[in-house]
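Peer 1: The chain contents come next:
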Amino acid sequence: MTRLVCPFCGARELVEFEFHQTLPEPQAGAYARVYERVDHGQDSIEHWQHLGGCRAWLRVRRNPWTGDVRAVALEGSGT
Amino acid sequence: MNDHAARRGSRLAPGTLRFAFDGRTYIARAGDTAASALLANGVRALGRSVKYRRIRGLMAAGPEEPNALLTVGTGAAIIPNVAAPQLVLREGLVLASQNRWPTLRYDLASLLQAGGGFFGAGFQYKTFMWPSWKTYEWMIRTLAGLGAAPGACDLPPVAIEHISCDVLIGGAGPAGLTAALAAARAGARVVICEREPVCGGELEFESATIDGTAAADWLETTQSELLARDVRVLRQTTVVGGSDGLLIAHSEPDGLPGANAVYRIRPKAFVMANGSVEHPIAFIDNDLPGVMLLGAAERYLARFGVRVGSELVLFANHDRVYAAAARFLAAGVRVRAIIDSRDERAIDAATAGTGRARTELVRAGVVCLPGHAVIAAHGGRGRVRAALVAPLAAPHATRSLACDALLVSGGWTAAVHAGMQDGGVPAVAGSSDAAAAPDRPAWRQLAGASNDALELGAVLAQGHRAGERAARLAGAGAEAGPVPRGQGDPAPRLVPFWRSPAARGAEKRQFVDLQNDVTVADLRQALDEGFLDIEHVKRYTTLGVGTEQGRTGSLLGAAIVAEIQGLAVSDVGTSRLRPPYHPVTLRSLAGRRVGPALRVTRRTPLHEWHAAHGGQLESTGLWLRPRYYTANGADAFTAGIAEAARVRTRGGITDASTLGKIEVAGPDAAAFLDRMYLTRASTIKPGRSKYMVNLREDGMVLDDGIVLRLEEQRFLATTSSAHAQHMLSHFEHYRDTEWAHRKVTVSDVTEAWAVIVAAGPGSRDTLGRLLGAEWRGSLERLNHMEFAHRHWRERDLRVLRASFSGELAFELHCRPASALPLWEALIESGMAPYGLEALDILRVEKGYLGSFEMNGQTTADDLGLSGHVKAGHRCVGSELLDRPAFHEPTRPRLVGLKAADGRARFLPGAQLTTPDDPVHACGFVTSAVYSPALGEWIGLALAARTLAADGTLLVARDPLRARDTAVRIVPPVHFDPGAERLKA
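As you go down the protein sequences, you meet chains P and L in turn.
Sequential numbering of the first sequence, starting at 668, is according to my numbering.
Sequential numbering of the second sequence, starting at 27, is according to my numbering.
Hints are not guaranteed to be accurate.
Anything over 10 Å on all C-beta distances counts as not near chain P; from chain L, calculated [stated by the list, open to error]: (1) G146; (2) R362; (3) T709.
Calculated pairs, EDC-like style, for lysine to aspartate or glutamate (alpha carbon to alpha carbon, straight line, at most 20 Å) [what the hints assert, rightly or not]: (4) K896(L) - D908(L); (5) K294(L) - D735(P); (6) K294(L) - E692(P).
The hints are simulated quantities; they were obtained by calculation from the structure and are not laboratory data.
All C-beta atoms, glycine included, are put in the ideal place defined by N, C-alpha and C.
Please construct the entire structure, taking both the sequences and the accompanying hints into account.
Peer 2: Take a look at the structure:
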């Protein structure tokens, strides 16, 4: 999809967001957290920042093959 | 042949105009395209082919035209490669043919034709090598390519429009219009993109009735109803590509760049009704002018009233050819013969309609030859004059049929590009062997010929169903109306026939892709040399590249490759479709974002002053900053030295407003900053600041800066200008993840504070006089790294005693509104400005780190910041600091450099080698400046630890600038190593 729904700003074009990284395994050691990425199967869980808007960090669950966005949540909201 | 005034049967408005082609003037009707006008004037030769330079004429009536690409205009602002069928003429237009020299008729390079075998497929990989390719460069440059590139462009920028609608329909033929009608009646907001200036598709020439009325009337009433229902019809607009729910459409009115527009369309549902593209059959010399596609000739007759010939021979493998022949006869054109590759039994099994049509044609004197093929086209003086035909059962029993136009149709390829670009190779399926799209998401549907439906009744039904479904998907639920019933040309009942029989030696004159001169022999050669995959065949032979993108040649080539290998076409497949579907200029894609509008420009509050006083402004990142001031020297080198020298002797001011500034506040702010930096911020007392370094997650140094403790729970972290954006995102990331439930706020205040640095021996006295009574005494009491916050002229002012130049210096943080008054007051007090060039000289003299040293590949130890690494302190990046790789003896170390002879020059980027091993680098020069304080060139470098003892002699090698300098390693602090000036 070429749009992401920011929890604060609503549906915005993808160019307003910047991809940071796919999430590492949180319990992993420092090396794994920096260099290794987890294969979540169908979906990729990623960090994006809404740079062109409210600058919130978002946790996005996305299918990297089709680009379908399944869920967008504010980082730190406990999901 | 064609009387301009009459043009019986055309749909053009009255009125004539004049245009020029290859130096001669012709008359055309208003609304003519270059193609129709040249045909009407009897001009057959419109260019030469790219490789063999064979004379070529028109083949098609749309953008799939492979041959007739013309250059429009004269002088520097020419426009090359304009497809003649798309170019609508206007008064005085000057056109020229391409790929020929000196003239179209007498072309020198066509002598290369004699070496036809030499230029087989992939010749460019095997030739032009001895003695060196440069020997042939001039020839390749002259001969290669389509047309000549323009030298100037004076066209206006292109507007980009964003459209959000319920249903987007690609194509306004019968399927598209029916879909639009159904969707609009159901209540959806509909947008249609139609590539031609008129709607109708095949209905332009097909003999059809819809709902009892003639097709032309149905078109008119349908378009009126669509208009009444606010359906937006974008004419001369093609959907060129898209993905992920967004489609890009490009509009090029009249076929010429000029009034282009680009549409970014986001529909809730997309119906692809783009029709199909006819492709030819390959036979010997099928590229002669006068050999055209059947549907193209019909279109030239129906829309423009132009007869492509007076005596036609038709060659096809389906029933439509009989309907077409009947139409030509009715228009008064003599049809000599119809060559049908299908044998008698295949035709007799057809509907009664075709049988009847055939009988009438025979009665009108048309020779109908089933089971025959055109073996070769014979020509003379650059045009076809006869067709050599033979029965397929006995290909040598040829006979010649005189004609002046040979119309060919081998079937159709569904035009599915716009839907296929985000993945998937179209599967080849169906009895007509036409390409069809595989599974697609629900929001995208095919209808009509794009969906392999070629009979009008099915086309209309599919269109209606697709439109209705699209409207439902978009949430429009009203009644979509009845399905129109139509009767058009009979179903084609096509039997695949791709190429006529020919001897091996003659295969190199059977053309498959006319634009790239790809012949059957080339395909066979590619297979012989092992390029079996269709993608390899495409790249090796250049089949399907160019402006035409394989519209007429791709499927034909794939089918012939399949035949040669004995495979089914569906097993071979066609090559992957890529955007754009239609040539789009880069100018169109850029829109208005050209020149200064390409990126945001950031200006400091003092920008106007710099510009007005000789400051040479340069882009650093997005900021404009002065590199030097012209009053101090004619170029950066001399001015920089003069400015730096003056700072050390008297003093100077510089605009440092671009520094990143982040305010971190809250009860957990101190703990937060402790985690972000190598050393602790919590130990800073309010009113003091500290130089701090932070790391990336992988342990490399990220940035450095000064952190001020404004209050117990408020800090101001400054960053380098280059890393400001990154550092802000870095802090925000941790605030939102690990620190989400703690009490800390992170705010970007970079643009809330302007920063002026006053540096030099006289800076304190000057400031003391300037700042007035409120500051009396405070400035003298300020120690290094302390700051005070008071006012100047009733506005906030914070003065921090810190230095990036090694001199006694004060950073003045003020509100942007008071920056200019403060700066001007300083100027009046006798302080002179210095720019980035001088800033760099001063910091290299002191060995301070810049972005070339903190390049993301160096650790704290490398840069001499080991003092900042405290055992037991956990912060971002600290966990990976103990990696063995970070403690290798070959890791670089920051060192200073001086020329061995005290005079020579060396430049940043030079590689360092030891005198006895000139090949392997052991480091490189990161910064190098001419130091006025020391009178020689000095630098900073990263050199391998094992070799980096002070006094070591190395060589700085700079092969790019042809300069090798002997250098000596010295401590990085070149000037005032005891920091006496700082403590003044």
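Peer 1: Please go over all the hints and tell whether each is borne out by the structure.
Peer 2: Each hint, compared with the structure:
1. G146: At about 40 Å from chain P, G146(L) clears the 10 Å cut-off, so the statement holds.
2. R362: 55 Å, holds
3. T709: Non-interface label stands for T709(L): nearest chain P Cβ at 25 Å, farther than 10 Å.
4. K896(L) - D908(L): 12 Å, holds
5. K294(L) - D735(P): Holds - the C-alpha atoms of D735(P) and K294(L) are around 15 Å apart, at most 20 Å.
6. K294(L) - E692(P): Outside the cut-off at roughly 37 Å; violated.
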